[in-house]
Amino acid sequence: MFGFTKRPLLLIAWKNLKTYPVRIFLTTSSIILGVSVIIAANIFSESNKNAFDNLFSGVFEGIDLVVQPIQEDFAQGFGDDGGQGPISFEFRKISDKKINEIKTIAGVKDAWGDVIGFAQFIKFGPRPDCHSYNPECERETILIQNGFAPTFGAAWDTSPYASQWEIIDGQPPTNNKEVVMDSTTAEGNGFSVGDRVTVLAGAIPATFTIVGIAEFANTGSPGGASFALFDFRTAQVLLDSIGEVDFINVVVDENADINEVRNAISNIDSQGLEVINAQEAAAEQADSIKQGLDFFNTILNVFAGIAIFVGAFIIQNTFRILLLQRTKELSLLRALGTSKKQIYRLVVSESLYMAIIGSGLGVALGIGLSVVVKEGLKYFDFGLPEGPLVLTPSAAVTGIIIGVVVTIFSSLLPARKASQVSPLEAIRDSQSTPKRKSLFIRLIVGSSVSLSGLAVLFGVLYSFFRAPSLSVLQQVGLGASIIFIGISVITPSITKPFVSIFDKLYNTIFGILGKLATENSKRTPRRTASTASALMIGLTLISLANVLTTSFKAQAEKVVKEVVLADYQVSAAQIFSSPGIPTGLSQELLELEEVTELSRTRATVVGYNNRPLILGAVDKEVFDLIKTVDIAGSREDFYKQDAIGVLKFKADNDNISLNDRVTLTIPEVGKKDFIVKYIFDWTTQPPAEFFLLLDNHEFFSNESLDTEIYFNVTNKDEATKNKLDDIVDHYPGVTLRDQDALIDEANSQIQLLLNVIYGFLSISIFVALFGITNTLSLSVYERTREIGLMRAIGTLRKQIRNMVFIESSIISIFGAILGTGLGIFFSWSLIQALEDQGFTEFVVSAEQTFLWIGIAIFSGIVAAIIPAIRASRQNILEAISYE
Amino acid sequence: MEKIIKAKNLTKVYGEDGTSVTALNNVNLDFYENKFTAIMGQSGSGKSTLLHCLAGLDKVTSGSIYVKGVDLGSLNDKELTKIRRDSFGFVFQAFNLIPTLTAEENITLPSSIAGRKPNEEWINQIVNAVDIGDRLNHRPNELSGGQQQRVAAARAMATKPEVIFADEPSGNLDSKSSKELLTFMKSVVKELNQTIVMVTHDPFAASFAERVIMLKDGEVASDMEEPSQEEIISRVTSLSDI
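So the protein lines, in turn, are chains A and B.
For what it's worth, the working numbering labels the leading residue of the first sequence as 2, then goes sequentially.
For what it's worth, the working numbering labels the leading residue of the second sequence as 2, then goes sequentially.
Bear in mind the hints are in silico, worked out from the structure with no lab data behind them.
Even glycine gets a Cβ: it sits at the ideal position worked out from N, Cα and C.
Some hints could be false.
Unchecked claim - Computed from the model, here is a short list of chain A residues facing chain B with C-beta under 8 Å:
hint, residue
1, Leu517
2, Ile728
3, Val729
4, Glu787
5, Leu797
6, Arg798
7, Gln800
8, Arg802
9, Ile877
10, Leu878
Stated by the list, open to error - Sample of chain B residues with no beta-carbon within 12 Å of chain A, all distances over it, derived:
hint, residue
11, Gly19
12, Asn29
13, Lys83
14, Glu121
15, Gln148
16, Ser176
17, Glu181
18, Leu193
One chain only, chain B, in its complex shape (with noise of 0.2 Å):
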């Protein structure tokens, strides 16, 4: 399995001096071409920074990151920008789609900012994998909570990125979309040879994922393969034992 991300002694400080915060404390991670990776925690341990970080959203106190052989630290705000708009795919915990644009405009939006013409055969089918096709007309308030994560999870692999980062994706379904929008996620990596590397702190959601690393106080605490839901709930409680 290719490597297509390298972290390398990442740590991340907020603040000044005195009032300092660790944030990520020497991580050293890699994640691999066409899996889908969970990155667990409590609040406040760390993840969404990790994220952040890796999509080049955030930069790094100290350390480095690699996507594909490119270290993020060395590339200015357009170079990164550029990267995210090429190289990643985004689904937020929520607010993920304009709100004046259509379903169809925002799953397109990356390709259109890009000033290029979006693979229409590509979106097709992803389109008919999320099941939004009917709804493509509608803007995102005409759209329930579900339809809208699922338009944006067609929105992030709209342009066939390297890695999709999300961030709590299910974080404000029910129970049903949550489980339909992972099933989904799950079937891109396998079917449609995607990558995704997914924030969470909800261990159901965390079991679709083939990887499972768990961040405590800014560093690894642990990195599983393919563990149960079971495995995950015993692992995220004996970490908040502690």
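Bound-form chain A, shown alone (with noise of 0.2 Å):
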């Protein structure tokens, strides 16, 4: 398709490339770091699947029957991780007594019970600030979590037949006083057998004796989760399960028909009990984790994308200027004969050699940055299951072919430019000076282009113009895309201009040098704009990002202050992994003579319309801790004994109005009626969907555990704090913070998104750095003669290197300043556009923002490192000589 039948021209475009390594990996530089980072992508989320799929059917291996008992459906809608989390969950468990019902039926080999729950390590370590001849320093307990893994409470197996766990230090646990530690824990934070372990489980900490160190189907604990694990009495004791287990393991003797002991399992209790196939069961457990990975590797893949959309920007540069070059050897060829199709085929099956070298590199490099990343992930405790890293062979191909065909596409142009090219030119001794086509049409076209995006992106924002079928965010997207390509089309026509601006700053700084630098970023604004164009993608990602997340963390900051009136607040503290706060906490605070007013929070899990929905409880102080705003009813009717309270946005989505009567099944008590009395709106993240008094119901205030506490005090002061503190610290997983604690939270998180996502976008950065390092090393080429000239007549070598660094910055210039101001106006749009879901921040941080700019022309400059040094060591007599 692209000649290749021709010989002689595939011969010497192959030559070619044989001639001039620099060159290629000059233009595969793009190409490759694009294909790496599909490569890695996909490496990586290959092998967490591939890792997680071993798992799985680790979890389950040698077992053939897995009987669960039915949930309520409500509480199905729930899924797996029901009983994690402050808000208890009421699943139903079986009795343990049917496990030897089930151990004699028919064909049933082994029947054992499993209990699991949540349970934490705890460990004392110093306080971080103070010194070890302070007795306090032994104080500090800290909870232990494997990254952002679960931590887990379960029974030891008591079957020969279960080979999950294996113990490979010590021996299993046999009474209350004993536990055994997974292996990744034990090695995370130097535990050993025979040492002593606290345990949270349930509302009390307790201490026992590590009796054994396991490993979990080979590997350190599942995902990285943590495990504490009992002996089978004690974990039902610890685990909330006494004379209940959460599952029972089944093995089927090897003749015996697997889907009739299924049947005589299940009719032991069918309303009650389902029966499941391990295996089947194993299968469908990874692929709901894959689906959860998918999502990761979407991500990977668009950053990957950019990557790529950045490199094809490069490619196409560098194949337009290295063809420049070779104007005279090309118009050689076609004086010689070759015609215009054959200088064509030339120049694209050139870039088709480049194209299968640099994504081959690509793959190459990819598997090396897999590498990386999963060791980088491993540093920062991120909890992934452990495993071979795997490359797909569809993986490596589907790399391969986007970087070929990236490449040819991005050379089709330039090669169509090269064919153009007069046979004359190669007799004609003339600098190589392109022709220059007007920038007007470009101009006319790229502002037509940004005029029609910021009409769709206003028109939705000032509400004159919706697109059909797009949501007010895809709108603006849109607009915001079509606004990027315009000002893309654009930016060539406004090099001169823009650099122009810079022309006397530049003069008065560097001299003649800031003039010859900015002259020569305006001799040719196509290249410069292109260059500046790859750096500008990245940095109005980067602002983008930058703008919301400072915006949203405003938006935090506004919102914990209008919101949370009290002065303190406790919560458990990791949200996902611990029971809540024992209700201890909030007797010894309302004891204290400093607190004011006190709230608790509850909340449990309830039936309403076959639906799960999460029922919270409160105390009639709330009202003064939390900023609420009345929408229907009153307070005073709501504290009533069958009054129920209920959101805006829940009243407004079921039609809920007020005295209408609602049901819930409630798993303690059964289907009960309340009479709406009181809709109102909870300013701040809504703990509950419907609210009840709390002192109200029993099943409520007999609770063990509250989600959160609200409280004021007298004074807030050092003294009130350290008093606090002194109470808290006796509760393990519990926090206390105040307003500015709770605003660090907030941001914290955001910031830790931030990072992430700097993280993938710096990968952009990198790749326009080369398209910088190209631009720079073939306008140095181009301009041999001229910087030869400039040696012969005394200018330095760190002179001539300054002259290089100065046009670079240009460029970077250029392209941060343009990137910075789309990002900060996208996101301005962005933050507009969500006005409806309450942003109202808008915030523009000029510290970070300058930041980046910062480092676009601090990269700039290292990007022209290379250039800079080979111009000023270019041979002065070959320069000048004129041969």
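Put the two chains together into one complex, using the hints given.
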């Protein structure tokens, strides 16, 4: 298709490449990077899928059937992670008497119960802010958690057929003073057999002796979760399952029919129990986790896409410049009788070679990159299962195809242009000055595209134009993309005026070198612009992320300040791995004379219209401690026995109005009716959708855990804080925060997200830097004579280097300012679009903005190092000799 | 007359042992202040190599060059560059000017890169002499070939250098422009007390010089004072006959 039958041209193409390895490297560097990101993304997600597959087949290894209780309809919506978190999900369990019943069924080889629930190891360490001679130092409790992985307590398997957990040191637990620890946690925290360890299970921490260290399916622990394994009876007591188990594992005789056994077991209690095939369940569970990972994979692929997109810019640019350099050679070929078409093919086949080489190297680099990512995540304790890195052939092929296609397409335009070269060019002795097409048409086209983008964007913001079938955000996104394309088209025509703004400044600071550098970037506005564009993309995204998060932080701060009226809030330290706050804490706080007002929040899952719903309970004082807005009804009525309060959004969604009757299915009580007496808005993240007054209902007042506690104190000073700390410190897994701490916490979460985004975006900046290196190398090459002349008449090497650095800084400033401007504008638009959702804050951090512009300029200068050195080392005689 | 450059036992060999070419073979020459010297020779005679070595653009294989007593061989790149910048001026055959700078900026380029203010009075004098006063704000591509070379000549003199090196300065010009340029060069030596060392293969160009040195196969074949164009032609002919 690209004329591979024309062997002489193919040969010339190949020879050209072999003669100029640097040229190949320059052009292919961006292909290599783009492809490598795709490959790394793929390896990473494939390897994780693979590891999860192994893990889940490990979970049920040797087990044929699993018997589990049928949950109430409404509870099933919550999936497998019920029982975790501060909201108590009252899941049904199985009576442990059923185990013996199942054992008697014909064909059952063995059956044993599994108990699993929340438990967390605790260690004591010195506070970071005190010295070893202070006895208080040992009092800091540290909740052990491996990264973000959950923490579990479970019963040690009692069957000889169970092979999930294997003791690698010591022995299994045999009484209520012993525990076995998973090896990941043991290694990570320096525990060994014989040590004493405190375990937080239920509400009260207790101390055990580690009698064994165990491995799960040959890895330290499943998915990095921490496991405290107790003997069966102890597990039942600690994990709130006295006389019960969570599920029963069954091993079937080899010669029995598995389906018959399955039916026989379900016949014991077909209403309350279901029997599932363990291997099928393993596959199902692995699938559901893999779907979660797909999201991560999608993000990686988006960033790979950005890298490739930036790469395409650079490839096209580089090709154009390379071909310009070879004008003579190509026109000689034309003079010798090569047709335009053949030149075109020659160039395209060269690009094909480069594409293949680049993509191949990209695959290799991608493998390296995935190792780096994996190790990096491990370093940050990002609990992912261990396993080999997997590169599927299809992923490799896809990466190569994308690389090749993008490269060839990027070479088509430059190739066409090259084929137009006049055969006379070879004979003429001219400096390679490209014909200058008017940039005016570009300006017109680009401006109209940008204006239509603006129309789409402002159309939705100021509601004068709505695109059909697009959401507000989608239309803003569409408008932003159109504007971006428009600006990319315009950039070459605004290069000159833009650079001219800096003429004076550069002339003043750098003298004649500044003048030369600014003039050089104006000389080839297209090249300058497309190099800058690559950087512009990265900076647009970075400043978008940057401004959005700064604004979100400001928003969070505003919300916390407006909404949390209480002096202090107590909540579980880690919301997904802790059972909540033992109720003793609120009692102790109430006894303090400094505490003036206090409200507890509790929550439970109930059924409403056959769907799960979170029912919350609060004290009367909550209305003084959290900002709420009355919509309908009154608080006084809400305090009555059968009254229920409903959040505004829930009332709107479900068409609930005042004095309606709602029927809830409450696990402890059964069906119960309430009258809606109060509709209100809870201005912060609400803990529930329906609310009761806590003391009105026994099933709430008898609970042992609070979700949150809010309270005021007489005087918010250091002494009070110390007193509070003393109390709260007795409750592991619970933290005390004031307004500032709440703001800090919200901000740190946003910041973490931002850092991850920065990490990925920096790849696109990295690709853009290769573009700058390319452009400058070629620009230096083009100006061999000019630089030689300057050296001859007395320009120092250092000055030549500086000239290249200055030129690079102009390109980077151009790209960085355009990108930052666009990013700020886009984030402003997004926040405008989010106004309906309560986003009002738009904050641009000057510090961050200038930091990133600075980073871009600095990186641009780093990218110029090689071209600058090359320019300064140029042989003067070669440059000025006239042969 | 003051001796400004002394070349002693200059030898320049290109390439490795087996394939080496001797471009200069034990050349001994002195150049004097306030004099217009032409170096002639055929292609490959070593005349360009000699100029490059004298101007500190190339290193000699053996021998030494003293510029006002300073041994060029003892200088590093930075010192050599500064000598070129401050003590020498250059006019090349083509591509003499930076395309992005105006004529005026090109003329003051050596002072600019030295970070010095150009001597305005002196520059005005030169600009008038080369008659490009009305073209100062034009870029090179807006100037004729003759004008470009005159701008280059003006640049070469702008810092009042000790020596101006010219490498086939009129090589690309038509005869009228060529004559104008050479007349100007001759006049600056006389009237503005400049020193010029020019390499050329053209007897007409050489006839403007006060002294004509001829090279053949890397050696000095002839050294004439104030020769006429006819003398030069006959000497060139006799040399090429051998």
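Here is how each hint holds up against the structure:
Residue-level restraint check for A/Leu517 holds (minimum Cβ-Cβ distance to chain B is 6 Å; threshold 8 Å). Given the 8 Å rule on beta carbons, the hint for A/Ile728 is violated: about 72 Å separates it from the nearest Cβ of chain B. Hint on A/Val729 is violated. Least Cβ distance to chain B is approximately 68 Å, over the 8 Å limit. Interface hint status for A/Glu787: upheld, as the beta-carbon distance to the closest one in chain B is roughly 6 Å, under 8 Å.
Against a cut-off of 8 Å between C-beta atoms, the interface hint on A/Leu797 holds, since the closest Cβ of chain B lies about 5 Å away. Because the smallest distance between the Cβ of A/Arg798 and any Cβ of chain B comes to about 7 Å, under 8 Å, the interface hint for this residue holds. At its closest, the beta carbon of A/Gln800 sits 6 Å from a beta carbon of chain B; the interface hint therefore holds under the 8 Å criterion. For A/Arg802, the interface hint is violated, the least distance from its beta-carbon to any beta-carbon of chain B being 13 Å, above 8 Å.
Hint status for A/Ile877: holds, given a least beta-carbon distance of 5 Å to chain B, under 8 Å. About 6 Å separates the beta-carbon of A/Leu878 from the nearest beta-carbon of chain B, less than 8 Å, and the hint is met. B/Gly19, annotated as away from the interface, keeps every beta carbon of chain A farther than 12 Å; the closest lies near 23 Å. Once the 12 Å rule is applied to beta carbons, B/Asn29 is consistent with being away from chain A; the minimum gap is 23 Å.
Distance check on B/Lys83: its Cβ comes as close as 7 Å (rounded) to a Cβ of chain A, failing to clear the 12 Å threshold; non-interface status is violated. With a closest Cβ-Cβ approach of about 16 Å to chain A, B/Glu121 is found to remain outside the 12 Å limit, as its non-interface label requires. Distance check for B/Gln148 against chain A: the nearest CB is about 17 Å away, which clears 12 Å, and the non-interface claim stands. Residue-level check passed: B/Ser176 sits 20 Å from the nearest beta carbon of chain A, beyond 12 Å.
Against the 12 Å criterion, B/Glu181 stays outside the reach of chain A, whose nearest CB is about 21 Å from its own CB. Look at B/Leu193: its CB is around 19 Å from the nearest CB on chain A, clear of 12 Å, so calling it non-interface holds up.
In summary, the structure is inconsistent with hints 2, 3, 8, 13 from the numbered list given earlier, while agreeing with the others.
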